[in-house]
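Visitor: What follows is each chain in one-letter form.
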Amino acid sequence: MYNFLFYFLIEVFGVLFMILSFGTVLIYFIIMILSALEMRDFRRKNRFADYQDIITSPIAPGVSIIAPAFNEAANIVQNAQSLLSLHYGKFEVIIVNDGSKDDTLQKLVDSFALVKTAFAYNPDIETQAVRGVYRSTNKSFRRLIVVDKENGGKADALNAGINVASMELLACIDVDCILANDSITRMVRPFMEETNRKVIAVGGVIGIANNCDVQDGTVTKYRIPESTLGRFQVIEYFRAFLMGRMAWSRVNGLMLISGAFGFFKKDLVKAVGGYFPKTVGEDIELVVRMRRYMEEKNQKYRVAFVPDPLCWTEVPEDESVLSRQRNRWMRGTIETLQLHRKIGLNPRYGFFGMVSFSFWTIYEKLAPILELMGVLYTLVLILIGDFSAVYFFALLTMIYLLSLLISVFSILYEQITYNNYKDKKDLRRLIWIILIEPFVLHPKVVLWGLRGHFDFIMGKGGWGKMIRTGFKTAEDKKNIQTQTGV
Amino acid sequence: MNGMKKTKVLFPLLFLFFTAQGQEIDSLFSDSLQLQQELIRQENISNLSYQFRLMEEPSSELDSLFDFEETDSGWVSPKETDWAKLDSLHGVFVGYNPSLEYVIYEDIADQGGLENYLQTLIRTGDFVPGFDPNSNKIDLVLEASKDVFRPLHEYKLRILADYKLFWVTIIVLFFLITAALMITSMLIFKSQRNKRENLKKEYDELIIGPLTSLLFEKDLEEIKQISKLDLVEIFPEKLFDKPLFKQVMIERIIGLNKKMKGEFKDKLKAFYKATGLMDITRRNLKSKRWDIITTGLVQVNEMDLSELLQEVKKHTNSSNFHVRSQSGATLLNVSSTVNLDFLRDQKYPLSEWQQMNYLRIIKFVHNTKSLELDKLFRSENPSVRLFGIKLVRMLGRLDLLTGLKELSTKASDEEKIELLKTYETIGAHMEVDFINSCIQSENQELQLEAVKVAGQLGDEKSLQLIIGLFAHNPDFELKKSLMRSMYLLNPETFERYTKDQFSEEIVRIRAHILDPLLTHV
Numbered sequence: 002m003y004n005f006l007f008y009f010l011i012e013v014f015g016v017l018f019m020i021l022s023f024g025t026v027l028i029y030f031i032i033m034i035l036s037a038l039e040m041r042d043f044r045r046k047n048r049f050a051d052y053q054d055i056i057t058s059p060i061a062p063g064v065s066i067i068a069p070a071f072n073e074a075a076n077i078v079q080n081a082q083s084l085l086s087l088h089y090g091k092f093e094v095i096i097v098n099d100g101s102k103d104d105t106l107q108k109l110v111d112s113f114a115l116v117k118t119a120f121a122y123n124p125d126i127e128t129q130a131v132r133g134v135y136r137s138t139n140k141s142f143r144r145l146i147v148v149d150k151e152n153g154g155k156a157d158a159l160n161a162g163i164n165v166a167s168m169e170l171l172a173c174i175d176v177d178c179i180l181a182n183d184s185i186t187r188m189v190r191p192f193m194e195e196t197n198r199k200v201i202a203v204g205g206v207i208g209i210a211n212n213c214d215v216q217d218g219t220v221t222k223y224r225i226p227e228s229t230l231g232r233f234q235v236i237e238y239f240r241a242f243l244m245g246r247m248a249w250s251r252v253n254g255l256m257l258i259s260g261a262f263g264f265f266k267k268d269l270v271k272a273v274g275g276y277f278p279k280t281v282g283e284d285i286e287l288v289v290r291m292r293r294y295m296e297e298k299n300q301k302y303r304v305a306f307v308p309d310p311l312c313w314t315e316v317p318e319d320e321s322v323l324s325r326q327r328n329r330w331m332r333g334t335i336e337t338l339q340l341h342r343k344i345g346l347n348p349r350y351g352f353f354g355m356v357s358f359s360f361w362t363i364y365e366k367l368a369p370i371l372e373l374m375g376v377l378y379t380l381v382l383i384l385i386g387d388f389s390a391v392y393f394f395a396l397l398t399m400i401y402l403l404s405l406l407i408s409v410f411s412i413l414y415e416q417i418t419y420n421n422y423k424d425k426k427d428l429r430r431l432i433w434i435i436l437i438e439p440f441v442l443h444p445k446v447v448l449w450g451l452r453g454h455f456d457f458i459m460g461k462g463g464w465g466k467m468i469r470t471g472f473k474t475a476e477d478k479k480n481i482q483t484q485t486g487v
Numbered sequence: 022m023n024g025m026k027k028t029k030v031l032f033p034l035l036f037l038f039f040t041a042q043g044q045e046i047d048s049l050f051s052d053s054l055q056l057q058q059e060l061i062r063q064e065n066i067s068n069l070s071y072q073f074r075l076m077e078e079p080s081s082e083l084d085s086l087f088d089f090e091e092t093d094s095g096w097v098s099p100k101e102t103d104w105a106k107l108d109s110l111h112g113v114f115v116g117y118n119p120s121l122e123y124v125i126y127e128d129i130a131d132q133g134g135l136e137n138y139l140q141t142l143i144r145t146g147d148f149v150p151g152f153d154p155n156s157n158k159i160d161l162v163l164e165a166s167k168d169v170f171r172p173l174h175e176y177k178l179r180i181l182a183d184y185k186l187f188w189v190t191i192i193v194l195f196f197l198i199t200a201a202l203m204i205t206s207m208l209i210f211k212s213q214r215n216k217r218e219n220l221k222k223e224y225d226e227l228i229i230g231p232l233t234s235l236l237f238e239k240d241l242e243e244i245k246q247i248s249k250l251d252l253v254e255i256f257p258e259k260l261f262d263k264p265l266f267k268q269v270m271i272e273r274i275i276g277l278n279k280k281m282k283g284e285f286k287d288k289l290k291a292f293y294k295a296t297g298l299m300d301i302t303r304r305n306l307k308s309k310r311w312d313i314i315t316t317g318l319v320q321v322n323e324m325d326l327s328e329l330l331q332e333v334k335k336h337t338n339s340s341n342f343h344v345r346s347q348s349g350a351t352l353l354n355v356s357s358t359v360n361l362d363f364l365r366d367q368k369y370p371l372s373e374w375q376q377m378n379y380l381r382i383i384k385f386v387h388n389t390k391s392l393e394l395d396k397l398f399r400s401e402n403p404s405v406r407l408f409g410i411k412l413v414r415m416l417g418r419l420d421l422l423t424g425l426k427e428l429s430t431k432a433s434d435e436e437k438i439e440l441l442k443t444y445e446t447i448g449a450h451m452e453v454d455f456i457n458s459c460i461q462s463e464n465q466e467l468q469l470e471a472v473k474v475a476g477q478l479g480d481e482k483s484l485q486l487i488i489g490l491f492a493h494n495p496d497f498e499l500k501k502s503l504m505r506s507m508y509l510l511n512p513e514t515f516e517r518y519t520k521d522q523f524s525e526e527i528v529r530i531r532a533h534i535l536d537p538l539l540t541h542v
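Read top to bottom, the protein sequences are chains X and H. Plus 1 on top of the position in the first sequence (first one is 1) and you've got our numbering. Plus 21 on top of the position in the second sequence (first one is 1) and you've got our numbering.
Don't take every hint at face value.
[What the hints assert, rightly or not] Dumping the calculated DMTMM-like pairs for lysine to aspartate or glutamate here, alpha-carbon to alpha-carbon at most 20 Å:
no., chain 1, residue 1, chain 2, residue 2
1, H, Lys-245, H, Glu-223
2, H, Lys-368, X, Glu-195
3, X, Lys-267, H, Asp-496
4, H, Lys-280, H, Glu-254
5, H, Lys-267, H, Asp-225
6, X, Lys-266, H, Glu-218
7, H, Lys-185, X, Glu-12
8, H, Lys-500, X, Asp-42
9, H, Lys-280, X, Asp-387
10, X, Lys-117, H, Glu-466
11, H, Lys-211, X, Asp-427
12, H, Lys-384, X, Asp-54
13, H, Lys-279, X, Glu-169
14, H, Lys-390, H, Glu-435
15, H, Lys-442, X, Glu-169
16, H, Lys-431, H, Asp-395
17, H, Lys-185, X, Glu-195
18, H, Lys-307, H, Glu-284
In case anyone wonders, no lab produced these hints; they're calculated from the structure.
With the rest of the complex left out, here is chain H (with noise of 0.2 Å):
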C-alpha cells in the first residue's frame, strides 16, 4: 500500500520535471538539424568540441585518417573545435552509422545539456546565434497558451520553509493582537470605572435627599407600609430597577446607619427591608465569589439583620478566610444572645486578624449580653483557646480565672505563656504555684516569661528558683530577667548577688535594671 502511495506522488512529480525539460530545449532550436547548422555557421564554439563514436572497429585507412581510440563503448574519434568541418568529416564514415556526440570542456552532453551551455553563452555574450531567439514568429497567444504558469513558489513558501522566521512571525503577531487586546481592555476597564464612579455620584446625589427627608418627616409605622408605588413616586422608576443604583443606596443607607441612633437606625432598617433591598443582601450570601459573600455579611452586620442570621451561620467555617471572619464578627454583633459555639467548634486557626475583630465586638458587647467565654478554653482549636485566655485578661474577667486553672493542668507550653501573661495582667498572686512550675520549665520561652512574672506575682519560692537559675549562668536574656525579678522580688537580695561582681555582664545589666530611664525596658 506505501509503495503504491509513493509511486501516486513520484509520477505527477517526474511528469512536472520532465515537462520542464521540455520546455527548455523547445525554447532555443527547433530541432537537431537546425542545432547543428547553427553551430556549423558558428565554426568556433568556446570549450565547446565534438568527436564520433563508432561501434564496429573502423578500417585501418579510416583509423589512420581519424586515429581513434579504443573504450569499452566503442571507438572514439580525437575532439575537434572547428564545426565548419563537421560535415566533411561526416562524409568520411561511408559504411558505418558513427554517432555524433558534444564535448563541453571535458563533459560528453547530450543535446539539451548542449542547448543549456548555448543559452548560458547567449547571456553572456559569448555565442551570438544567426537568428534572433527573441523573435516572434509565431502568434504571442498561441504561444503563451504552450507554456504552463509557474508561480515562484520559493519566495511564497519561505516563511513556511523557513522555522525560525514563522515562529518569530508567529510571535510577534500573538503578540501585536495580546497587547492590543491587553491595552484596549485596560482602556474600556478604566473607562467604564470612571464611568460607574460618575453614576454613582449621580446617584448619591439623587438618593440622598428623599432618603433625609423620609427620615425625618414619616414615623417607622409609615416607612413599614411604604410600597414600591410610593417609591416610584420618591426615586425615579427607571433608575429603581438598576442594579448599580441599588447599591448606591445600600451604601448611603449603611452610611447614615453608622451615624445615626435610635429611631432613625429603626428606620433605616425598615426601610432597607420595604425597598427589597433585604432580598439583594440574602443573594448575596448566597454568590458563590467570596467577596460577595463578604459584602452581604457586613449588609447583615451594618443593618442589624437578624432574620438572616440563619445564613450567616453557614458560612462560620468557610475555607475563605475573609468570609468565616465577616461571619463571625456578624454573628457576635447582631445574634441577641451571644452564643460562642461557632467560635469555638471553629475548624480553622483563629488569626491575629480575626482575634482582634472579634475582640473589638465581644469588648462592645460583653457588658450588654451575657457570654459564655469559658467555653472557648474546651474549644478542640488550640488557637481558639489561647483567644479565650487573652479575653480572660483583656477584658479583666476574674470569675473565670477557676476555669483557666482547670485549662492550666493540661495547657501547652504557648497555652502556659499565655496564661502567665494574664495572670500578671489581672495580679493573680493565688497561681504562684503554677508560675514556680514555669520557672523550672525546658522551655526558655516559657521559662522566660516565668520569671518576668515570677517578679511582679512571685513569692520566697520563687526567689530560691531564681537565684538558682543565676547561679547557672545563663544567657543574656534569661540573665537579664533573673536580675529584674530579683531585684522587684527582694532589692537586698538583688543587691547581695550584684554588687561587686567581677563579671563585666552583670555590671552593665545591674546599671541597666538601675537606670529609671530603662524601667521597662
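If we strip away everything but chain X, and leave its shape as in the complex, we get (with noise of 0.2 Å):
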C-alpha cells in the first residue's frame, strides 16, 4: 500500500513539475509580448507628449517628494540640492530625518538656513513622535521641509512625510536615488491623462548607477558594474523593469512600485492608513493594499508604469549585502501575499485577484521552494533507479534556453528602445553574465530565498500582533485586520 502511495506521488509530482515547466514557458512567452507591445505604444503616445508644459502649467498637480533619510550625513547636503533641482512648478521637497544618529540634520540645518517651525503636525497615520518640523528662512529653499522624528523605519519615515505633505500626489523616493531633472513631468503624466479610470499610483524604472558619470543629477555616460554580481543585476533590473512591470501595467497587473522610485495619489493613500510599518517590504504591500480598497469600493483604477530611465541607484555588489536584501524581499512578499491571502484566486478581486496575486504567489514568493522540491524530486528518482536522463535534460534544456531567451530578449528591448550601454564590451560581458547565471548566479538567488522562507517561519520580522498596531489608524485597515482574521 505504502509502496503504491509512494510510486503514485512520483508520478503526480511528475506531472505537476511538467506543467509548471510548461506554464512557466507560456507564461513568460505572454509577458514577451505584452511588454513588447506596451513598450511600442508608449513610444508612440511619446512622440506626441509635450512635457514642456507641464512645468509651469496651474493644471498640473503638486508633488510632494518624501525621502527618508537614516545616518545620511555623508551626502544628504548634495542630495537635498538635486531634489530641490528637478524641473517641476509645484513641488515640495520632505526629508524625513528619521532619528539618525549622525549629523544628518544639523548638515540640513546648516546648508539651507532652517529653522524649527510651530508646525501642527497632525498624526493622521500614527508614528513615531515627530521632534520638529524645519523650514528654510532662505526663499531659495521654500520647498525644503525637514522633519526630525524619532527612529522608526523607513514606512514609518515615509508615513511622517504623508502627514506633513500638501500637494495632491506623493513621491516616496530614497534620499540617495539620482533623479533625472525630467522625472516629475514625465511621472505625472499618466495622472494627467487617464479620464475613465483613477490613476492610484505610477512606478518607474530604476537604473543601475555603479560605474556609471553621474553630472547634473542625471547619468551622462552608462557602464555596467566591475562585479558579476552587480552585472548580474543589470540583468536583473532589465527583466524587471523592462519586461516584467511593462507587461504587467499592459493589463492593469501591476503590483509592485519600487519603493525607490514611486509617485501616489495622496488622498487614496490616507485613505487606507499609509504605509504598513511593520513589515519589510512596504512598496508593494501598500500597493497591494490600495489595489484591494479600490477593488472592494468597485472604484475603476489604474495603477501605471513609465519605462522611461529616470532614477538611479547604487545596487550592492558585495554577496552578504545583496543576501540580506533578497532575504528582505522575499520576507517581504511572503508578509504581503500572506496578510492579503484572502484576495487569491478571488473572483471578486477580478484580474488583480485571479492573474496578479496568483502570479506572485507561485513565481516569487513558492519559486525557491518549487526549485529545491525540484532538485529533491530528482535525487529521489535517482536513487529509487526512476531517472530519466532523457528528460532531465530536456526539462533542463528547455529552462536553460527560457533563461537565455528573456534575458537576450530584456537587453535588445534595452538596445532598442533607449541603447543606453553603447559599449560592444559590455554588451559582450552582460551576454557572458546571462549564458552563466542560471548556474552561478541562480543557486545563490534561490539560497536567499528560501533563507527568506526559512527566517519569516522562525519569526524575523514577523508580524502577528504587529498588524493591529499599523491597522488602527483607518477605517479600512479595520476591516481589512477583521477579514483576515488577524
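Join these two chains into a complex; the hints should help.
Guide: Structure below.
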C-alpha cells in the first residue's frame, strides 16, 4: 500500500513539475509579447507628448517628494540640493530624518538655513513622535521641509512625510537615488491623462548607477558594474522593469512599485492608512492594499508604469549585502501575500485577484521552494532508479533556453528602446553573465529566497500583533484586519 | 460493421504473429525427428524431462513397468530425464499409440516451447548441440530471402509512445524556433532602425542646404509657382519619390517653421503645399492607425494648414485619447474664428492633460481672437464645464462672472469647489452669499474649500458661521482652516477664541498660524 502511494506521488509530482515547466514557458512568452506591445505604444504616445507645458501649467498637480534619511550625513546636503533642482513648477521636498545617529539634521540645518517652526503636526497616520518640522528662512529653499522624528523605520518615516505633505501627489523615493531633471514631469503624465479610471499610483524604472558617470543629477555615461554580481543585477533589472512591469502594466496587473521611486495619489494613500511600518516589504504591501481598497469600493482604477530611465541607484555588489536584500524582499513578499491572502483566486478582485496575485504567489513567493522540491524530486528519482536522463536534460535545456531567451530579449529591448549601454564590450560581458547566470548566480538567489522563507517562519520580521498596531489608524484597515482574521 | 473492421485488423496481426513464431522453430531443427535424435545424443539436459501419455488404459503388465498415473486426459508415465532411454522405452508400447510430452521444470511444453528453451540453453552455454546451429549450409542469399525484414519499432516509436517525452520535445523545438525567430526579428529590427537613422541623417544634410537657400533666394510668389521639374533641379529625383525622404523633409520644414517668423513662415507653408507634402498630411488624417492620424494632426497644427480643418473636425470626438486631444488643439490653433462648439460637444471626459494643452493654446489666442468661453458652461459634459470655470480663473475673465453665477445655481459640489477657487483668485467679494452657503454644505471637501475662501472674501456672516462650526470641535484639518480664516477675517475674534485654550490641539494650530514661516502652509 505504502509502496503504491509512494510511486503514485512520484508520478503526480512528475506531472505537476511538467505542467509548471510548460506553464512557466507559456507565461514568460506572454509577458514578452505584452511588454513589447506596451513599449511600442508607450513610445508612440511619447512622440506626441510635450513635457514642457507641465512645468509651468497651473493645471498640473502638485507633488510632495518624500525622502526618508537615516544616517545619511555624508551625502544628505548634495542629495537635497539635487531634489530641489528638479524641473517642475509645483512641488515640495520633504526630507524625513528618521532618528539618525549622525549629524544628518545638523548638516541640513546649516546648509539650508533651517529653523524649527511651530508646524502643527497632525498624525493622521500614526507614527513615531515627531520632534520638529524645519523650514528655511531663505526663500530659495522655500520648497524644502525637514521633519525630524524618532527612529521608526523607512515606512514610519514615509508616513510622517505623508502627514506633512500638502500636495495632491506623493513621490516616495530613496534619498540617495539620482533623479533625472524631468522625472516629475514624466511621472505625473499618467495621472493627468487618464479619464475613465483613477490612476492611483505610477511606478518608474530604477537604473543601476554603479560605475556610471553622473553629472547634474543625471547619468551621462552608462557602464556596466565591475563585479559579476553587479552585472547580474543589471540584467535582472532589465528583466524586471523593461519586461515584467511593462507587461503587467498593459493588463493593469502591477502589484509592485519600487520603494525607491514611486508616485501615489495622496488622498488614497491616506484613505488606506499609509505605509504599513511592520513589514519589510512596505512598498508592495501599500500597492496591494490600495488596489484592494479600490476593488472593494468597486471603483475603476489603474496602476501605471513609466519605462523611461528617470531614477538611478547603486546596487549592492557585495554578496552578503545582496543576500540580506533578497532575504528582506522575500520576507516582504511573503508577509504581503499572507496578509492579503483573501485576494488570491478570489473573483471579487477580478484580474488582480485571479492572475496577478496568483502569479506572485507561485513565481515570487513559492519559486525557491518549488525549485528546491524539483532538486529533491530528481534526487529521489536517482535513488529509486527511476531517473530518466532524457527527460531531465530535455527539461533542463528547455528552462535554460527560456532563461537565455528572456535575458537576451531584455537586453535587446534596452538596446532598441533606450540604447544606454553603447559599448560593445559591455554587451559582450552582459551576454557572458546571461550564459552563466542559471548555473552560477541563480542557485544563490534561490538559496537567499529559501533563507527568507526560513527567517519568516522563525519570526524574523514577524507581524502577528504588529498588524493591529499598524492598522489602527484608518477605518479601512480595520476592515482588512477583520477580514484576515488577525 | 464494427465486427467486420475488427476482423480486418485482427487477421493481419494474427498472420504476423504466426509467421514470426514459425520462423523461430525453423531456425534450429528442421523437424521433430532431428530434434529427438539430438536429445538422445545429449542423454541429459538440464531441467528437461519427458513422459508418455496413453489415451487408453494400459495393461497390468505395462502398468507394472511404468506405474502410470491416471489423469483426466489419460494415463501418464513417470518423468524420465535420461534421453538415451527414449528409443528403448518407446519400444515397450507395442499395440499402443503413446504421445511423447516434453517437460521443462514441471511444465509440459510443445515443440516450439522446447526449441525456445534449448535456444536459451545454447546462449547460456548449458547445451551444446551436436551440429553447428550457425553453419551456413544453405546459400546465404536464399536464406536471407526467406527472412522477413523486421525494423526495431520499439526504438523508432518510443518518442511517440511516451507522451511526456513527446511534449517535452515539441515544446523544446517550439521554443528553439520561437527564440530564434524573436531574436532574429529583433536584430533585423535594430539593424533596420540603425539604417533608417543613418538615412535620415543623410537626407537631412541633403535637404537643409537647398531648403535654406530656397527660402532666402526666392520670394513667396516664386515658391508658390514651383513645379515638380524645379524640384528635381533642387533635390535628387530618385530620392524625392522615397517616403522616408519626404518624411525627413516634413520634419525639417516643421522644425524650421517653429523657429521662423513672418514671411519665412509663409514661404515654408507655400513650399509645403507646392511640393505635395500636404497630400501626405491629408493621407495621414485618413489613416486607420491612431499614431499616423495624430502625426497628420500635428502637421496641420504646425504648418497652419487651414485647408484641412474639415478633416480635423472629424476627429474631435475620436475614441482615441491622443487623436481627439490633438485634433482639439489643432482646431483651437489653426481655426481663424476659434469656435468652442467642438469642446462643448465633447462626449468623452476632458483629462487634465488635454486641459493643459488647450489652456496653453487658449492663453495664446485669447488676446487676438474672440473666445466664447461661456459656451463651455452650457456643456452636457461635466469635465468641460469644470474646464470652463478654470479658464475664467486662469485667464482672469471677470466679464464671465455673471455666467458663473448662473452656473452656480445648478452646479455639482465639484463645480462649486472650482467656482470657489475661481472667486478667490479673482477676488469676487460679491459672491459671498454663495461662499456662505457652501460653508454650510454637508460635503466636507466643499466646506473646507469654502472656509478657506471665506478667509479672503468672507463677511460678518461668514465669521459667525465659522465660529459656529468651530464650536462643534471639528476634525484637525477643518479646525485648522477655520482658525486661519477666523484669523484673517478678524484677528481679535481669533485671539478671543484661541488664546488661553486648554486644548493642546488648538494651541498647536494657533502657534502654526502665527508662525511667519508657515503663512501658506
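Visitor: Each hint needs a verdict: does it hold in this structure or not?
Guide: Against the structure, the hints:
1. About 27 Å separates the Cα atoms of H/Lys-245 and H/Glu-223, which puts this hinted pair outside 20 Å; it is violated.
2. A hinted pair counts as satisfied when its Cα atoms are at most 20 Å apart, and H/Lys-368 with X/Glu-195 qualifies at roughly 15 Å.
3. A distance of roughly 18 Å separates the Cα atoms of X/Lys-267 and H/Asp-496; the hinted pair therefore holds under the 20 Å criterion.
4. With a C-alpha separation of about 27 Å, the suggested pair H/Lys-280 and H/Glu-254 falls outside the 20 Å cut-off, and the hint is violated.
5. For the hint pairing H/Lys-267 with H/Asp-225, the CA-to-CA distance comes to about 10 Å; that is within 20 Å, so the pair holds.
6. For the given pair, X/Lys-266 sits about 40 Å from H/Glu-218 by alpha-carbon distance, which is inconsistent with the 20 Å threshold.
7. A hinted pair counts as satisfied when its Cα atoms are at most 20 Å apart, and H/Lys-185 with X/Glu-12 qualifies at roughly 12 Å.
8. For the hint pairing H/Lys-500 with X/Asp-42, the CA-to-CA distance comes to about 47 Å; that exceeds 20 Å, so the pair is violated.
9. The straight-line distance between the Cα atoms of H/Lys-280 and X/Asp-387 is roughly 77 Å, outside the 20 Å bound, and the hint therefore fails.
10. The straight-line distance between the Cα atoms of X/Lys-117 and H/Glu-466 is roughly 30 Å, outside the 20 Å bound, and the hint therefore fails.
11. Between H/Lys-211 and X/Asp-427, the direct Cα distance comes to roughly 18 Å. Compliance with the 20 Å bound is thereby established for this hinted pair.
12. Restraint check: the Cα-Cα separation between H/Lys-384 and X/Asp-54 comes to about 12 Å, which is no more than 20 Å; the hinted pair holds.
13. Pair hint H/Lys-279 plus X/Glu-169 does not hold up; C-alpha atoms about 34 Å apart against a cutoff of 20 Å.
14. Between H/Lys-390 and H/Glu-435 the CA atoms are separated by roughly 30 Å; this puts the pair beyond 20 Å, and the hint is violated.
15. Distance hint between H/Lys-442 and X/Glu-169 is fulfilled; the C-alpha atoms sit about 16 Å from each other, no more than 20 Å.
16. Between H/Lys-431 and H/Asp-395 the CA atoms are separated by roughly 15 Å; this keeps the pair inside 20 Å, and the hint holds.
17. Distance hint between H/Lys-185 and X/Glu-195 is unfulfilled; the C-alpha atoms sit about 48 Å from each other, more than 20 Å.
18. A C-alpha spacing of about 30 Å is found between H/Lys-307 and H/Glu-284, which places the hinted pair above 20 Å, so the restraint is violated.
Violated hints, in rising order: 1, 4, 6, 8, 9, 10, 13, 14, 17, 18; the structure is consistent with all others.
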